[in-house]
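Fit chain B to the given chain S structure using the hints.
Here is what each chain is made of, one letter per residue.
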Amino acid sequence: KQEVTQIPAALSVPEGENLVLNCSFTDSAIYNLQWFRQDPGKGLTSLLLIQSSQREQTSGRLNASLDKSSGRSTLYIAASQPGDSATYLCAVTGEKLTFGTGTRLTIIP
Amino acid sequence: ETGVTQSPTHLIKTRGQQVTLRCSSQSGHNTVSWYQQALGQGPQFIFQYYREEENGRGNFPPRFSGLQFPNYSSELNVNALELDDSALYLCASSLGGRGSDTQYFGPGTRLTVL
Chain S
1 KQEVTQIPAA LSVPEGENLV LNCSFTDSAI YNLQWFRQDP GKGLTSLLLI
51 QSSQREQTSG RLNASLDKSS GRSTLYIAAS QPGDSATYLC AVTGEKLTFG
101 TGTRLTIIP
Chain B
1001 ETGVTQSPTH LIKTRGQQVT LRCSSQSGHN TVSWYQQALG QGPQFIFQYY
1051 REEENGRGNF PPRFSGLQFP NYSSELNVNA LELDDSALYL CASSLGGRGS
1101 DTQYFGPGTR LTVL
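Top to bottom, those sequences are chains S and B.
Under my numbering, the first residue of the first sequence is numbered 1, with each subsequent residue one higher.
Under my numbering, the first residue of the second sequence is numbered 1001, with each subsequent residue one higher.
Simulated from the structure, these hints should not be mistaken for lab results.
C-beta: ideal position from N, C-alpha, C; glycine also.
A hint or two may mislead.
Claimed, not checked - Some chain S residues close to chain B (C-beta under 7 Å, calculated; not the full set):
{"id": "1", "residue": "G43"}
{"id": "2", "residue": "Y76"}
{"id": "3", "residue": "A78"}
{"id": "4", "residue": "L89"}
{"id": "5", "residue": "K96"}
{"id": "6", "residue": "F99"}
{"id": "7", "residue": "T101"}
This is chain B alone, in the form it adopts within the complex:
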């Protein structure tokens, strides 16, 4: 069984640029959730995708957008990067799209915005 993988591991961008982060879900899982973790903070929910449709969103502006593909892998896109977007971005996969489902986390992508 393959776990959740994320790419790239690290990324450096400058303010105003755009970035795409990728996540491959655990085998058999149809739901992917994305989280932003600033230094010293707990992860904050960005949004969730279930069977290719957005299935809930946290308090993040529209420049944070996502996509889920037919194989249930997912992308997180961030436009017009700001310095405060520097964080560890985590994705988690689960089966079922319900709040009660156990989520399995990937290793994260560390984004630095200069």
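Isolated chain S (complex conformation):
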């Protein structure tokens, strides 16, 4: 059974800092890994999708990496802004999409 873990559960950093969110998964037989953003009480916004054959994906200030053999992914956010405050979820696709419990990120102005 696939299990996805995200550490830390919550993170507060001052505006302008670079930061890294972590995601680990137990079964490396995945098609892809996705990072989502969720604002309070809202749905999910897809940020980046990394296919199992890829090592990383970049979109603007976001960079996601994938190491399938070790079951790890990181989401790097450069030059953080208050608008980045949200919960970030990673999810892996195997037989189904399995989510972690998320990291609640707060950027302090």
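Showing chain B alone in chain S's frame:
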């Protein structure tokens, strides 16, 4: 291109009642998946429908049932509501019914069971 839409936005029911949630898939998509997200948790997979047939199910009891229509929109039905059914229900659409397909999520329906 129309994105994934869900209705209603919010819903309040009492224990023992039945509820139907609706999802319209993104244009051109033939697969809909449903997820339950309890407060402070990640979404949990309920089931998936591909071309009107159930195409996978998570660890949810039979009182959670679904339907997909010829236009690929979908319903989630929950019978005999329990307090623990209070959650955000998300649907996602994709093209192809495969695990590797990218899923696009709707805004969700917030269900409160009293």
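Right, here's what the structure says about each hint:
1. G43: Interface hint status for G43/S: holds (4 Å vs cutoff 7 Å).
2. Y76: Where the cut-off is 7 Å and the nearest Cβ of chain B is about 21 Å from Y76/S, the hint is violated.
3. A78: violated, 24 Å
4. L89: holds, 6 Å
5. K96: With Cβ-Cβ at 5 Å, under 7 Å, it holds.
6. F99: Since the shortest Cβ distance to chain B is 3 Å, the answer is holds.
7. T101: Cβ of T101/S sits 5 Å from chain B, so the hint holds.
Violated hints, listed in ascending order, are 2 and 3; each of the other numbered hints is respected by the structure.
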